[in-house]
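Spelled out, the chains give:
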Amino acid sequence: MKYTDSHEWIEQSEHVATVGVTEFAQKELGDIVYVELPKVGKTLRAGEAAAVLESTKAAADVYAPASGTILEVNPALAQTPELVNQSPEAQGWLFKIKLSNPLELDKLLDLNAYRNKVTH
Amino acid sequence: MTKTLFEKNQGDQHAYSLPKEDKAFSSFTPPQNLLRQTPLHLPEVSEIDLMRHFSNLAKRNVGIDTQFYPLGSCTMKYNPRVNEWAASLLGFTRTHPLAPESAVQGNLQILFELLQMLCEISGMTAGTLLPNAGAQGEFVGLRLISAYHQKRGDLRDEVLIPDNAHGTNPATAAMTGYKVLTIRSNSEGDIDLDHLRSLCSAKTAALMLTNPNTLGIFSPNIIEIAKIVHDHGGLLYYDGANLNPLLNIVRPGEMGFDVMHINLHKTFSTPHGGGGPGAGPVLCNAKLEKFLPLPKVELKEGVYNLVWDDPASIGRVASFHGNFGILLRAYLYIKLHGHFGLRRIGEVSVLNANYLKQRLSAFLKVPYRQPCMHEFVVQADQFLDKGIKALDIAKRLLDYGVYAPTIYFPLIVKECMLIEPTESESKQTLDEFIEILKAIVHEIETNPELVRNAPHTMPVTRLDETLAAKKPKLKQ
Amino acid sequence: MDFISNQNPQIQEMLQALGISDVTELFQAIPAHLRLPRPSEEDGLSESEGMRLMEKLAAKNSYPQFDNYLGAGAYEHHVSPLVGAICSKSEFLTAYTPYQAEASQGLLQITFEFQSAICALTGLDVANASLYDGASACAEAMLMALRCRNERTKVIVPDSLHPHYRAVIEQYLTSHKIKVEKNFHFDENSAAVIVQYPNFFGRIEDVKSVFAQAKAAGALCILVANPLVYGLFSSAADLGADIAVGDGQPFGLPLQYGGPYVGYMACKQELVRQMPGRIVGETVDTEGKRGFVLTLQAREQHIRREKATSNICTNQALAALACLIGITWYGKQGLPKLALTNYQRAHYLCDNLKKIKGLKEGGNEPFFNEFVMIWDRPLDKVLKHFRAHGIEPGLDLSRFYPLKNHLLVAVTEAKTKEQLDRYIRVAQECQA
Numbered sequence: 001m002k003y004t005d006s007h008e009w010i011e012q013s014e015h016v017a018t019v020g021v022t023e024f025a026q027k028e029l030g031d032i033v034y035v036e037l038p039k040v041g042k043t044l045r046a047g048e049a050a051a052v053l054e055s056t057k058a059a060a061d062v063y064a065p066a067s068g069t070i071l072e073v074n075p076a077l078a079q080t081p082e083l084v085n086q087s088p089e090a091q092g093w094l095f096k097i098k099l100s101n102p103l104e105l106d107k108l109l110d111l112n113a114y115r116n117k118v119t120h
Numbered sequence: 001m002t003k004t005l006f007e008k009n010q011g012d013q014h015a016y017s018l019p020k021e022d023k024a025f026s027s028f029t030p031p032q033n034l035l036r037q038t039p040l041h042l043p044e045v046s047e048i049d050l051m052r053h054f055s056n057l058a059k060r061n062v063g064i065d066t067q068f069y070p071l072g073s074c075t076m077k078y079n080p081r082v083n084e085w086a087a088s089l090l091g092f093t094r095t096h097p098l099a100p101e102s103a104v105q106g107n108l109q110i111l112f113e114l115l116q117m118l119c120e121i122s123g124m125t126a127g128t129l130l131p132n133a134g135a136q137g138e139f140v141g142l143r144l145i146s147a148y149h150q151k152r153g154d155l156r157d158e159v160l161i162p163d164n165a166h167g168t169n170p171a172t173a174a175m176t177g178y179k180v181l182t183i184r185s186n187s188e189g190d191i192d193l194d195h196l197r198s199l200c201s202a203k204t205a206a207l208m209l210t211n212p213n214t215l216g217i218f219s220p221n222i223i224e225i226a227k228i229v230h231d232h233g234g235l236l237y238y239d240g241a242n243l244n245p246l247l248n249i250v251r252p253g254e255m256g257f258d259v260m261h262i263n264l265h266k267t268f269s270t271p272h273g274g275g276g277p278g279a280g281p282v283l284c285n286a287k288l289e290k291f292l293p294l295p296k297v298e299l300k301e302g303v304y305n306l307v308w309d310d311p312a313s314i315g316r317v318a319s320f321h322g323n324f325g326i327l328l329r330a331y332l333y334i335k336l337h338g339h340f341g342l343r344r345i346g347e348v349s350v351l352n353a354n355y356l357k358q359r360l361s362a363f364l365k366v367p368y369r370q371p372c373m374h375e376f377v378v379q380a381d382q383f384l385d386k387g388i389k390a391l392d393i394a395k396r397l398l399d400y401g402v403y404a405p406t407i408y409f410p411l412i413v414k415e416c417m418l419i420e421p422t423e424s425e426s427k428q429t430l431d432e433f434i435e436i437l438k439a440i441v442h443e444i445e446t447n448p449e450l451v452r453n454a455p456h457t458m459p460v461t462r463l464d465e466t467l468a469a470k471k472p473k474l475k476q
Numbered sequence: 001m002d003f004i005s006n007q008n009p010q011i012q013e014m015l016q017a018l019g020i021s022d023v024t025e026l027f028q029a030i031p032a033h034l035r036l037p038r039p040s041e042e043d044g045l046s047e048s049e050g051m052r053l054m055e056k057l058a059a060k061n062s063y064p065q066f067d068n069y070l071g072a073g074a075y076e077h078h079v080s081p082l083v084g085a086i087c088s089k090s091e092f093l094t095a096y097t098p099y100q101a102e103a104s105q106g107l108l109q110i111t112f113e114f115q116s117a118i119c120a121l122t123g124l125d126v127a128n129a130s131l132y133d134g135a136s137a138c139a140e141a142m143l144m145a146l147r148c149r150n151e152r153t154k155v156i157v158p159d160s161l162h163p164h165y166r167a168v169i170e171q172y173l174t175s176h177k178i179k180v181e182k183n184f185h186f187d188e189n190s191a192a193v194i195v196q197y198p199n200f201f202g203r204i205e206d207v208k209s210v211f212a213q214a215k216a217a218g219a220l221c222i223l224v225a226n227p228l229v230y231g232l233f234s235s236a237a238d239l240g241a242d243i244a245v246g247d248g249q250p251f252g253l254p255l256q257y258g259g260p261y262v263g264y265m266a267c268k269q270e271l272v273r274q275m276p277g278r279i280v281g282e283t284v285d286t287e288g289k290r291g292f293v294l295t296l297q298a299r300e301q302h303i304r305r306e307k308a309t310s311n312i313c314t315n316q317a318l319a320a321l322a323c324l325i326g327i328t329w330y331g332k333q334g335l336p337k338l339a340l341t342n343y344q345r346a347h348y349l350c351d352n353l354k355k356i357k358g359l360k361e362g363g364n365e366p367f368f369n370e371f372v373m374i375w376d377r378p379l380d381k382v383l384k385h386f387r388a389h390g391i392e393p394g395l396d397l398s399r400f401y402p403l404k405n406h407l408l409v410a411v412t413e414a415k416t417k418e419q420l421d422r423y424i425r426v427a428q429e430c431q432a
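Protein chains in written order, with our numbering: chain A, 1 to 120; chain B, 1 to 476; chain C, 1 to 432.
Because the hints were derived from the structure by calculation, they are not lab data.
Any given hint could turn out to be false.
[Unchecked claim] Anything over 10 Å on all C-beta distances counts as not near chain C; from chain B, calculated:
#	residue
1	38
2	65
3	126
4	151
5	153
6	166
7	177
8	184
9	187
10	296
11	363
12	384
13	438
14	443
15	473
[Claimed, not checked] As a list, the in silico DSSO-like pairs of lysine-lysine whose alpha-carbon atoms are at most 27 Å apart:
#	chain 1	residue 1	chain 2	residue 2
16	B	59	C	89
17	B	335	B	389
18	B	365	B	300
19	C	289	B	59
20	B	20	C	417
21	C	215	C	182
22	B	471	C	60
23	C	182	B	471
24	B	8	B	427
25	C	417	C	354
26	C	60	B	335
27	C	384	B	300
[Claimed, not checked] In silico contact screen, one side only, chain B against chain A (beta carbon under 10 Å); selected entries:
#	residue
28	30
29	301
30	302
31	408
32	470
Model, not experiment: these values are computed from the prediction.
Just so you know, even glycine gets a beta-carbon here, dropped at the ideal spot from N, CA and C.
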């Protein structure tokens, strides 16, 4: 798993990657009441806003950690957005993306680097 | 358990009366195929039950009339009843917006003179009373700015907005097609001039600013700020939400602003009504005059006329003439005060705020120490280790019969409370408020649970907002 | 006069607490050359002088003495004094936005009830707390539709929509690269269509058919209506509307020279997250008691800022309360009766005017409580004649359309048979 400065995680499996937000992010946001997910087939550049996580008091943009095309979005989030709070790095995944340039992941933070960032 | 009106149905009960039907009318029957097919789910309630229903709802609400309301950035001053009386005169309420101008000279005189008075107060040369609220005023202001640049063939697509600005500013900029660039504040709570200089360019259409800013601090750099923006060919928009302390003390037009809006429901006492109706007149200088929306009111040889057409104008922004009933309340308010009274408003609103700030700083954290204008910020983050947030203090204030100040705005101060007493309040009310806050701070020390679970004496305790957002139930 | 409590004794105490001698010391941050001198003379009015001034200004309006047949988006209906009695209550009049929900249950519940009433009338699923007026409601609906169909770039705004509403839609679309068309031709680039019901000329157009075409092309359907029409004719939902907007002025709000009125908006459930404005929802408190809160706030400017659905903050809350009282004063049985008598009185007048030589009805589709009368002579003479008899007979449409001698006439339940017969007589005299 790799991490971004804006608290997204990305897990690659060949040319497909799963994206979500970290434990730290879900704690900051509070109870998620709604998730706005991108349309399947949409192409995104790294750093472009891909999804929105809504709590009662805030709406936070989720940015694509890498460029590619949306293959799948998490179908469970429509009924149970709280999955993002309960299991942000597993069942609360947001979308799957077909990577157009897997090398982009090399620029992202690894677990230690991300942990460092969050504790400072 | 509280019932909505829709749950108080009793078959066939009603309040209405209609004139007896005349035979001459009954022969006109509407075409069958157009008739409403689905039932109309409205309540069946008698007049006494309607009156009781709303009277009991009033008991579950509070207003300036019933308690101190130090909502920062809202200017909750007294709403004079004489204004209400004036607005209900049949000579005004029975006038149709499309009536011939000769038959509504009184209305047109009010519109003309109100605009003149607001121009003088703001230091501007022209304006419009059409916008129905401050946000719509911002929209009109940015439309004027856009028209100005467009006329000059100057393509500018960026608007600069400070990070502590009210949410309507960036929302309005986006609505008018502009990209928003956010300017950082410095440690004084003022605009970071270096950051402003770095963001200002030939693409800058405008800077949107309020002065005093949303921390209640007058920016001493306003002349310099205006120069930076104007040197780059941009215009300066003034968000007039914080105009109250400046009344007859300084004029935004003379500070370098090109266009502004005023919130009549803040500075000029028109009633807040639970969230409107308000009014957001826009005033501007000569650069933008010709683009003002329609209709305009003019005076020619003692007769008032409406100008309906003007090719240079940006066009219409409202159904008719804006919230006329609100405009006439503000008109009377200004007439009652005169220059002398308006000056007193400015001075006493600032004195009240500084007095309160001084006394509260003895036991609360006041991050900005310089003299404030009409409002100031108190920071409540030192109570976090007791598990108490600004929200909790706000809720506990409700138990003491005081409406909570604005919380979590502006966004740049952690656990922020923005307090604006206004000039209406007596020293006694302010002193009582100080004692109440002292008591709450004491409770935080000795019995934080009481504060954390407040309010305890309201019709409801804290409400489940997560449920309301996740499973929205938005109608009966 | 002013409304300032503190006088010199308190002011001196406060200055002492601050360690200063004059309040002007607090204004030092303001550049000296900008500071205005303190006025020395009281130049305001006393309360009684202020009241006399307003009475004089009101008396300068001769319009209230005329029988009013002007409509065009502002209608003279009976307003029960119950409306004023409730709206003037301190806790409603002088309250602010219900951000502290526990202290604002009254207004929150009222807003919930207003939303419910608008849903009842329009037949749609959700409504917001109000918008400024009919014109801005149309504009917001158009922007909303464009957000929902954000790959499409055309909208249809027919000429039969109120000219002021059309102008405001165009104002709000200025920075958007959207093509505005007038005719009901739909293709895969059509984002939305807006139809007025009844239209500006008072006529009921074939809305169902237009909306069916729109839906076939995937465009959103916006219906703008005088809400009273829903008491008699098909609801917005029945006609296939996705978004219903309009002005609630006919209920509970006098003419007031054009405002405050109250814009309303309702929409289908699936569009709710794109709806602008405040929305109140029902919930429970920590003890399970029913309560109401502002909800879905993440759409709004104070949270979403430049990505908000709209910049709207203050809306028309108290006017929405007046509208709610107006609607519920009539209620389930009264509202259809009110709508019917509006329909019948307008048809009585139109029918009798048609019989007069030289007068023709403008249009042949069904109408509600407003119609066009075409005269065989210049309207300025007609208007002069009527006004001499204390009647403002209608709106000369030549200001808005290339239509000569067309008069738009509105009739409500406020017109008695005597008044209508007088109108007919004066018209006959005019044509004699």
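Now for the hints, and whether the structure bears them out:
{"no.": "1", "hint": "38", "in the structure": "violated (6 Å)"}
{"no.": "2", "hint": "65", "in the structure": "violated (3 Å)"}
{"no.": "3", "hint": "126", "in the structure": "holds (19 Å)"}
{"no.": "4", "hint": "151", "in the structure": "holds (14 Å)"}
{"no.": "5", "hint": "153", "in the structure": "holds (17 Å)"}
{"no.": "6", "hint": "166", "in the structure": "violated (8 Å)"}
{"no.": "7", "hint": "177", "in the structure": "violated (2 Å)"}
{"no.": "8", "hint": "184", "in the structure": "holds (16 Å)"}
{"no.": "9", "hint": "187", "in the structure": "holds (16 Å)"}
{"no.": "10", "hint": "296", "in the structure": "holds (15 Å)"}
{"no.": "11", "hint": "363", "in the structure": "holds (15 Å)"}
{"no.": "12", "hint": "384", "in the structure": "holds (21 Å)"}
{"no.": "13", "hint": "438", "in the structure": "holds (16 Å)"}
{"no.": "14", "hint": "443", "in the structure": "holds (18 Å)"}
{"no.": "15", "hint": "473", "in the structure": "violated (4 Å)"}
{"no.": "16", "hint": "B/59 x C/89", "in the structure": "holds (10 Å)"}
{"no.": "17", "hint": "B/335 x B/389", "in the structure": "violated (44 Å)"}
{"no.": "18", "hint": "B/365 x B/300", "in the structure": "violated (57 Å)"}
{"no.": "19", "hint": "C/289 x B/59", "in the structure": "holds (17 Å)"}
{"no.": "20", "hint": "B/20 x C/417", "in the structure": "holds (11 Å)"}
{"no.": "21", "hint": "C/215 x C/182", "in the structure": "holds (17 Å)"}
{"no.": "22", "hint": "B/471 x C/60", "in the structure": "violated (54 Å)"}
{"no.": "23", "hint": "C/182 x B/471", "in the structure": "violated (40 Å)"}
{"no.": "24", "hint": "B/8 x B/427", "in the structure": "violated (45 Å)"}
{"no.": "25", "hint": "C/417 x C/354", "in the structure": "holds (17 Å)"}
{"no.": "26", "hint": "C/60 x B/335", "in the structure": "holds (18 Å)"}
{"no.": "27", "hint": "C/384 x B/300", "in the structure": "holds (23 Å)"}
{"no.": "28", "hint": "30", "in the structure": "violated (43 Å)"}
{"no.": "29", "hint": "301", "in the structure": "violated (56 Å)"}
{"no.": "30", "hint": "302", "in the structure": "violated (55 Å)"}
{"no.": "31", "hint": "408", "in the structure": "holds (8 Å)"}
{"no.": "32", "hint": "470", "in the structure": "holds (5 Å)"}
Checked against the numbered hints given earlier, this structure breaks hints 1, 2, 6, 7, 15, 17, 18, 22, 23, 24, 28, 29 and 30; the rest are met.
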